[in-house]
Each structure stands twice: as structure tokens, then as C-alpha cells.
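Note that numbering that gives the first Met the number 0 has the sequence shown beginning at 0, numbered continuously upward.
Calculated directly from the structure, the hints in this document are not laboratory data.
A quick note: this is a predicted structure, and the numbers were derived from the prediction, not measured.
Just so you know, even glycine gets a beta-carbon here, dropped at the ideal spot from N, CA and C.
Possibly wrong hints are sitting among the right ones.
Simulated pairs of lysine-lysine, BS3-like, Cα-Cα distance not exceeding 25 Å [as the list claims (entries may be wrong)]: (1) K232 with K250; (2) K138 with K98; (3) K200 with K219; (4) K94 with K66; (5) K98 with K83; (6) K200 with K186; (7) K94 with K79; (8) K238 with K219; (9) K138 with K66; (10) K139 with K150; (11) K221 with K200; (12) K98 with K150; (13) K200 with K229; (14) K84 with K94; (15) K79 with K98.
Simulated DEER-style distance windows between Cβ atoms [said to hold, decoys possible]: (16) I196 with A175: 43 to 51 Å; (17) P47 with R168: 48 to 56 Å; (18) H267 with L234: 28 to 36 Å; (19) T148 with P82: 45 to 53 Å; (20) L33 with A67: 26 to 34 Å; (21) E257 with T236: 29 to 37 Å.
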Amino acid sequence: MSYRDLRNFTDMMRSLGYSRMISLENFREPNFDLVAEILLWLVNRYDPSSGLPSDYETTEDRVIFIKAVTQFMASKAQLKLNPKKLYGADGYAVKELLKVSTLLYNAMRTMDKSRVEDPIVPEVVPTPMEINSKVADLKKCRQLASEITSKGAALYDLLSREVDLRSQRVDALSKAIDIEEIDHGLKKSISAVNNEITRMKQMLDNTASDEANLEAKIEKRKQELERRKKRLKSLQTVKPSYMDEYDKIEKELQKQYEVYIERYRNLHYLEQQLEELNRTELDQIEETETALRRVQLRLREEERRMMEDDVVHVPDLMVGGDEDASRHVYGSMAGGDGDSEDDSLSTATNEDLQDDGGDLDDDDDDDIDSEMVQNDSTDDF
Numbered sequence: 000m001s002y003r004d005l006r007n008f009t010d011m012m013r014s015l016g017y018s019r020m021i022s023l024e025n026f027r028e029p030n031f032d033l034v035a036e037i038l039l040w041l042v043n044r045y046d047p048s049s050g051l052p053s054d055y056e057t058t059e060d061r062v063i064f065i066k067a068v069t070q071f072m073a074s075k076a077q078l079k080l081n082p083k084k085l086y087g088a089d090g091y092a093v094k095e096l097l098k099v100s101t102l103l104y105n106a107m108r109t110m111d112k113s114r115v116e117d118p119i120v121p122e123v124v125p126t127p128m129e130i131n132s133k134v135a136d137l138k139k140c141r142q143l144a145s146e147i148t149s150k151g152a153a154l155y156d157l158l159s160r161e162v163d164l165r166s167q168r169v170d171a172l173s174k175a176i177d178i179e180e181i182d183h184g185l186k187k188s189i190s191a192v193n194n195e196i197t198r199m200k201q202m203l204d205n206t207a208s209d210e211a212n213l214e215a216k217i218e219k220r221k222q223e224l225e226r227r228k229k230r231l232k233s234l235q236t237v238k239p240s241y242m243d244e245y246d247k248i249e250k251e252l253q254k255q256y257e258v259y260i261e262r263y264r265n266l267h268y269l270e271q272q273l274e275e276l277n278r279t280e281l282d283q284i285e286e287t288e289t290a291l292r293r294v295q296l297r298l299r300e301e302e303r304r305m306m307e308d309d310v311v312h313v314p315d316l317m318v319g320g321d322e323d324a325s326r327h328v329y330g331s332m333a334g335g336d337g338d339s340e341d342d343s344l345s346t347a348t349n350e351d352l353q354d355d356g357g358d359l360d361d362d363d364d365d366d367i368d369s370e371m372v373q374n375d376s377t378d379d380f
């Protein structure tokens with residue numbers, strides 16, 4: 000709600016002749032009594048024969064009153080009002096009241112302008128009755144216009160059939176009136192009506208009999224339904240003969256299922272342990288093979304190193320002094336006494352090599368023995 004709307008509304012109501020003073024503070028809070036009074040005054044100003052209810056003490060009466068006002072203005076003046084805002088009876092209701100007051104105010108201004116433009120017309124203040132009569136005349140004009148349209152269409156259809164009906168009408172008028180034929184036609188019509196009455200009576204009698212048959216069938220079905228209900232209750236209360244055996248078998252099945260679950264879990268656990276054991280054995284075998292390969296590689300390396308040492312010592316002995324040469328030479332080309340010296344030299348050299356090789360072999364044997372002990376412990380595990 001704006002201040003301008005409220006000011007315009009108060010000015011229009013004052014111009015329309017509303018006796019009560021409307022203040023700008025009347026719509027600060029909901030005031031349904033004032034809104035209902037203004038609505039009733041505006042509707043009666045528009046149409047005194049509206050017949051709206053004037054009782055709006057309870058909530059239901061207020062709803063009925065607002066609904067009647069909105070329907071009346073929508074049907075009579077083609078003016079759409081918001082019933083929720085009117086029921087609120089606050090500043091938002093002023094906008095809806097302003098619509099009705101604007102309609103009446105514009106009508107009053109139009110009449111004033113017409114009197115100014117046509118000075119011959121005596122200045123007569125229009126009364127609400129005149130406005131209502133004009134609205135009623137407008138409704139009658141609309142109704143007559145619709146009736147004229149429908150009647151004209153029907154008349155056009157009848158005139159289009161005049162060419163065919165003219166000859167039949169002339170023939171009918173030219174014929175002489177036969178009393179016996181008229182009497183025969185009336186009797187025939189009477190007999191047809193009597194037959195129709197008899198047929199309708201028979202249908203009524205048949206309907207009564209059908210109704211009785213249906214009632215009998217319904218009663219029979221009700222009795223059958225009661226018997227079935229009693230039978231159902233008896234079956235629900237009686238325990239079947241096989242229920243004891245069923246309960247026993249169900250308990251056994253529950254026990255067997257528990258045993259099955261336990262065995263299945265044990266089997267699964269054992270399979271898991273077996274897989275872990277196989278995996279551990281495979282890891283140990285791989286470790287043993289790796290250790291053996293390392294020992295073999297070490298032995299081959301030691302053997303290769305020994306052979307290289309042997310090859311290196313021989314040239315050194317041959318290049319050295321006389322004593323060393325006479326000591327490390329294995330043999331000579333001379334015969335006689337030199338053989339004993341050569342033999343002694345070769346013997347000393349062989350003993351030195353055997354001592355060196357023996358130390359190496361002892362170390363290798365110790366390594367092999369430790370690996371074998373480790374393998375034996377793994378196999379035992």
C-alpha cells in the first residue's frame with residue numbers, strides 16, 4: 000500500500016458521498032469491520048438489489064461475505080478482486096477497494112462531462128436506481144441480441160426448406176377433412192400410448208422382481224460370506240497336524256546350518272593356512288637356491304683367482320735371482336746331479352702351493368658347511 004493510493008481512495012469515497020470519514024490511519028492495522036462496511040456500501044451503490052449478506056461476525060460468515068462480493072463484482076461489473084487481500088483488511092485491501100471506487104468515480108465523472116457538453120439536458124443528479132436500471136437494461140440488450148441471433152439462424156433454416164414444404168402445404172390444404180380418418184388416427188395414437196403405458200408398467204413390475212431377486216442374491220452372498228469368515232477363523236485357531244514335524248525339521252535344519260557354517264569357516268581357514276605355508280616354502284626354496292648360486296659363484300671366483308695366481312707366480316720365479324731360480328724351477332735340461340736339486344725345488348714349490356690352496360679350501364669348506372646346516376634347518380621346518 001502506498002500513501003498515494005490511500006489518499007486517492009479517501010478522495011474518491013468523499014466524492015461519491017460516503018458519510019463516514021476515512022482516515023489514513025484506519026488501515027495501519029487489520030480492520031475488517033470498516034472494509035466490510037465500505038464494500039457493502041459500494042456494492043449497494045452499484046446495485047441496490049444485490050442481496051449481499053450483512054452478517055460477518057464469525058470467520059465463516061466473513062469468508063462467505065468476501066466470496067459473495069467478489070463473485071458479484073466479477074459477474075456484474077467484470078471486475079476481478081483478490082479475496083485474500085480483502086479478507087486481510089489492511090493496507091493491501093485498499094488497492095482492491097480502489098478498483099470498485101474508481102469504477103463508480105469514473106462513471107460519475109462521465110455523467111458530469113455529458114451534462115457540460117449538452118446544456119439542454121437538465122442538471123439532474125443521477126441516483127443509484129438510475130444507474131442500476133441502466134445496468135439492467137444493458138443486460139436485457141445483451142440477452143435480446145443473443146436471442147435475435149439464434150432466432151435469425153432458425154428462421155433462415157426454415158426459409159430454406161420453404162420450397163419443399165410449399166407443395167406439401169398446398170396439397171394438405173386442398174384435401175377435404177375426413178372425420179373418419181381423423182378418428183382412426185386418434186384411436187391409433189391412443190392405442191399406441193396405451194401400449195407404451197402397458198410396456199412401462201411391465202418394466203416397472205420386472206424392475207420390482209429384479210430388485211427382489213437381487214436382494215435375495217445379496218442376502219445369500221452375505222450368508223455365504225459369514226460362513227467363510229467363520230471357517231477362516233476356525234482354520235486360524237486350529238493347529239495343523241504336520242506343524243509339530245515341521246517345527247522339529249526346522250530346528251534340525253537350523254542345527255545343520257550352524258554345523259555347515261562352522262565347517263565352512265574351518266575349511267576356509269585351513270585353505271588359507273595351507274596357501275600361506277606353500278608360499279613360505281616357496282620363498283625358502285628360492286632363498287636356498289639363491290644362496291647356493293652365490294656359493295657357486297664365490298667358489299668359481301676363488302678358483303679363477305687361484306688359477307690367475309698360479310699363472311702370475313711362474314714368470315716371477317723365472318725372472319728372479321739365482322737362488323730363487325734354482326728354488327722355483329721344476330726341472331732342467333741337464334742330467335746327473337742336477338736332478339736331485341730340481342726335485343727338491345719342485346717339491347718345495349708344490350708344498351707351498353698346497354699350503355696356499357689348503358687355506359683357501361678350508362675357508363670354502365666352512366662356508367659350504369654353514370650353508371648346508373642352514374638348508375637342513377629349513378627342511379626340518
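Okay, the hints, checked on the actual structure:
{"no.": "1", "hint": "K232 with K250", "verdict": "violated (28 Å)"}
{"no.": "2", "hint": "K138 with K98", "verdict": "holds (22 Å)"}
{"no.": "3", "hint": "K200 with K219", "verdict": "violated (29 Å)"}
{"no.": "4", "hint": "K94 with K66", "verdict": "holds (17 Å)"}
{"no.": "5", "hint": "K98 with K83", "verdict": "holds (15 Å)"}
{"no.": "6", "hint": "K200 with K186", "verdict": "holds (21 Å)"}
{"no.": "7", "hint": "K94 with K79", "verdict": "holds (12 Å)"}
{"no.": "8", "hint": "K238 with K219", "verdict": "violated (30 Å)"}
{"no.": "9", "hint": "K138 with K66", "verdict": "holds (23 Å)"}
{"no.": "10", "hint": "K139 with K150", "verdict": "holds (16 Å)"}
{"no.": "11", "hint": "K221 with K200", "verdict": "violated (31 Å)"}
{"no.": "12", "hint": "K98 with K150", "verdict": "violated (38 Å)"}
{"no.": "13", "hint": "K200 with K229", "verdict": "violated (44 Å)"}
{"no.": "14", "hint": "K84 with K94", "verdict": "holds (9 Å)"}
{"no.": "15", "hint": "K79 with K98", "verdict": "holds (9 Å)"}
{"no.": "16", "hint": "I196 with A175: 43 to 51 Å", "verdict": "violated (34 Å)"}
{"no.": "17", "hint": "P47 with R168: 48 to 56 Å", "verdict": "holds (53 Å)"}
{"no.": "18", "hint": "H267 with L234: 28 to 36 Å", "verdict": "violated (46 Å)"}
{"no.": "19", "hint": "T148 with P82: 45 to 53 Å", "verdict": "violated (35 Å)"}
{"no.": "20", "hint": "L33 with A67: 26 to 34 Å", "verdict": "violated (18 Å)"}
{"no.": "21", "hint": "E257 with T236: 29 to 37 Å", "verdict": "holds (34 Å)"}
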